[in-house]
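Asker: Quick note, the sequences are listed as chains Y and F, same order.
Just so you know, we're using this note's numbering here: the first sequence kicks off at 17 and counts up by one.
Just so you know, we're using this note's numbering here: the second sequence kicks off at 2 and counts up by one.
Hints are not guaranteed to be accurate.
In silico EDC-like links for lysine to aspartate or glutamate, alpha-carbon gap of 16 Å or less [unchecked claim]:
(1) K236(Y) x E59(F)
(2) K6(F) x D87(F)
(3) K7(F) x D443(Y)
Residues on chain Y that point at chain F, a partial pick, calculated with CB under 7 Å [said to hold, decoys possible]:
(4) L186
(5) T205
(6) R207
(7) E239
(8) E297
(9) L471
Covered, in the sense of this in silico footprint (three residues per stretch, anywhere, with C-beta under 8 Å from a C-beta of chain Y), are these stretches of chain F [said to hold, decoys possible]:
(10) 33-46
(11) 100-108
(12) 120-129
Derived by calculation from the structure, the hints in this document are not laboratory data.
Backbone N, C-alpha and C fix where the C-beta goes; we use that ideal spot for every residue, glycine too.
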Amino acid sequence: MILDNMILGFTNVLHITSLLAIVVGTALGLFIGAMPGLSATMGIALLLPLTYGMEPAVGISMLCALYMGAMYGGSISAILIKTPGTPAAAATVMDGYPMAQQGKAGKALGISLVASLIGGVFSSIALLTIAPVLGNFALEFGPVELFAVAVLGITIIGSLSAGSAIKGILSGTLGLLLAMVGMDPITGTPRFTFGNINLFSGVPYTVALIGLFSIPQAIKLVEKDSGVTKIVSHVKDRMLPTKEEFKKIFPTTIRSSLIGVFTGIIPGTGGDTACWFGYNEAKRFAKDKSTFGKGNIIGVAASEAANNAVVGGALIPTITLGIPGSSATAIIMGGLMIHGIMPGPTLMTEYADVTYTLIWALMFSNIAMFLLGLFFTKAAVFVTKISNKILAPIIIILCVIGSFAINNSVFDVYLMFAFGVLGYFMDKINMPTSPLVVGLILGKMLDTSLHQSLLMSGGSWLVFLQNPISAVLLAISLFSILQATPLFGFIKSKLSKKSIQA
Amino acid sequence: MTNTKKVSIAAVLATAFALIFLNKAVKLPKTAGYLPKILIALVILLSILMVIETHFKEKNNVKQKRRIDERSEEDEDSDDDKTPIDYKKAFLFGLMIAIYIFAMKPVGYFIVTPAFVIIAYRYLKSTSWKNTIIISVGFTLFVYLLFVLFLKLPVPMGILQ
């Protein structure tokens with residue numbers, strides 16, 4: 017069955033429309049990633065409306081290809097102008113920029129491209145092998161397990177988000193509360209609609225995430241743009257690494273790929289965490305640590321392999337459980353839902369054609385990324401020069417038309433703006449917005465599974481502890497909250513003191 | 002404004018939001034209001050905890066964030082942290098967006114969009130007049146071709162209808 021679906025997906029992806037979507041998505045990702053003002057997440061959010069008219073598999077493949085392309089694109093500006101194009105390329109600056117200063121910009125970009133390719137292929141293989149197995153396992157899940165999965169998703173993304181765990185969980189809870197707006201799935205009672213008919217079907221979360229991820233960024237581009245002309249290093253040398261260089265970076269890229277896949281699987285942690293994790297581990301394993309930060313090719317490879325490997329990793333929980341592994345995959349989930357496909361365990365069976373096409377599309381996007389990167393990186397250098405003040409109003413225009421296009425509703429545009437303002441102020445107090453989006457996504461699943469579980473148990477909450485899978489998942493949720501509390505930090509510092517004394 | 006003050010305002014707003022929802026939740030049937038009531042209680046509790054945490058963090062000047070988180074956060078803003086925030090510019094740009102959005106339906110998308118680009122570019126001193134006109138017209142045309150002709154989206158035409 018799984019093999020049949022894999023073959024089906026493979027033949028689907030070879031269709032000219034799919035291949036074209038992959039190439040266009042990757043190219044857009046490469047350019048969007050190269051622009052410091054635009055992140056992969058925002059790029060996917062802005063491209064989402066264009067996929068409405070496409071076949072689900074084609075549209076979603078395009079979004080995934082954009083995600084993959086942007087992960088490499090981010091390194092272009094990191095290397096050439098010392099500004100990561102996406103937060104996921106932050107660690108690439110450390111060794112990439114010194115290389116560019118030494119006149120080896122082409123080499124740095126080539127190392128980044130090869131490492132991105134290895135990381136991407138590694139994560140695509142992980143997705144292709146882990147997702148069907150986990151999907152099969154998740155098919156056995158009933159409402160009790162699904163409730164625990166939703167709780168786990170929200171607590172992990174909340175507690176592992178950058179900054180304070182309390183703020184992360186509060187953001188997630190606010191998202192869950194906003195997900196309660198609309199018709200109650202069990203009784204059909206309208207909740208918190210305040211008499212507005214537009215809210216009867218709930219808060220459209222694609223509208224919310226376009227606002228949350230794009231408006232604050234556009235305003236930030238304007239409020240902090242210093243107007244200083246960016247100094248761009250020239251790419252004059254050869255890009256592809258030599259055989260010796262490839263041998264040198266290979267073990268690091270494999271290690272970083274593993275790190276990237278696992279970081280991607282954990283909700284709440286994405287490319288920005290993975291790149292530093294990969295970089296630090298490469299430094300720890302290196303014989304000569306002093307060369308790091310001075311233009312070491314291993315440093316560039318470590319960061320770039322890790323951030324591309326995140327893509328496949330983050331798609332694993334998104335596809336199999338319906339829990340987005342990163343904010344970018346949350347939008348991809350939104351894309352699926354617009355096409356009437358509910359992410360979760362049934363995705364691997366009922367919508368196997370779409371899912372397996374998407375998995376293969378990710379694999380093919382690596383090839384597209386490599387070829388486009390090889391031939392168009394020099395062209396992408398020009399977009400790094402585009403001023404933030406030019407980008408900001410264009411982002412707004414795309415947000416407006418994109419949020420309108422979902423339901424052809426002007427109300428959605430107002431709602432998008434309201435979420436944008438909310439996101440801007442959340443940013444100002446360092447409250448992460450990703451948990452809010454995930455809360456909005458998981459809210460309905462949490463609500464329905466809770467009601468069904470309590471109906472089955474006759475109102476007893478013990479049902480969640482009596483079920484072994486749900487008990488384990490809830491225990492992990494509890495641990496993810498506890499590990500972020502000061503008490504855990506206190507115990508950890510005590511234990512490390514003891515081990516030093518011993 | 003100190004962090005504690007900023008966070009306190011956010012906590013008050015989150016609590017007010019939760020209380021508005023509570024006012025509606027109490028009137029709901031038991032099953033429909035069950036989860037919302039739990040979430041409302043959590044929002045209020047977490048808002049209080051957020052203020053306490055920020056207060057102590059600020060007081061002790063203790064950074065409890067893990068190293069990876071800290072570094073990634075710093076690097077995300079590394080290029081713009083050195084320049085001060087121009088709140089007036091941010092507010093006026095926000096106001097322009099609001100006017101653009103609210104004028105879209107009565108006036109029409111294809112009138113307000115180029116107008117928004119021209120006004121925003123002029124105010125932000127983004128580029129020359131020539132480029133401003135080219136970008137505003139070019140981008141509006143691009144949206145028209147893509148969304149109206151290709152995707153057949155019924156974009157609000159306003160007075161052009």
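Asker: Next step is simple, just say for each hint if it's right about the structure.
Answerer: Evaluation of the provided hints:
As the CA atoms of K236(Y) and E59(F) are separated by approximately 25 Å, the hinted pair breaks the 16 Å bound. Taking the CA atoms of K6(F) and D87(F), the gap is about 20 Å. The hint is violated against a cut of 16 Å. At roughly 12 Å between alpha-carbon atoms, K7(F) and D443(Y) fall within 16 Å of each other, so this suggested pair holds. The beta carbon of L186(Y) comes within 4 Å of a beta carbon in chain F, closer than 7 Å, and the hint placing it at the interface holds.
The restraint placing T205(Y) at the interface with chain F holds, with a minimum CB-CB distance near 4 Å, inside the 7 Å limit. At a threshold of 7 Å, the smallest CB-CB gap from R207(Y) to chain F is about 6 Å, leaving the interface hint in force. The interface hint given for E239(Y) is met, as the beta carbon of that residue sits about 4 Å from the closest beta carbon of chain F, less than 7 Å. Contact between E297(Y) and chain F, as hinted, is not supported at the beta carbon level, the nearest pair being about 11 Å apart and thus beyond 7 Å.
The closest approach between the C-beta of L471(Y) and any C-beta of chain F is roughly 9 Å, which is over the 7 Å cut-off, so the hint fails. Evaluation of the coverage hint for the stretch 33-46 of chain F: fulfilled, as 9 residues show C-beta separations to chain Y shorter than 8 Å, against a requirement of three. A count of 5 residues in the stretch 100-108 of chain F with a Cβ less than 8 Å from any Cβ of chain Y is obtained; the coverage claim is therefore met, three being the minimum. Residue count for the stretch 120-129 of chain F with a Cβ under 8 Å from a Cβ of chain Y: 6. That meets the three needed, and the coverage hint holds.
Violated hints, in rising order: 1, 2, 8, 9; the structure is consistent with all others.
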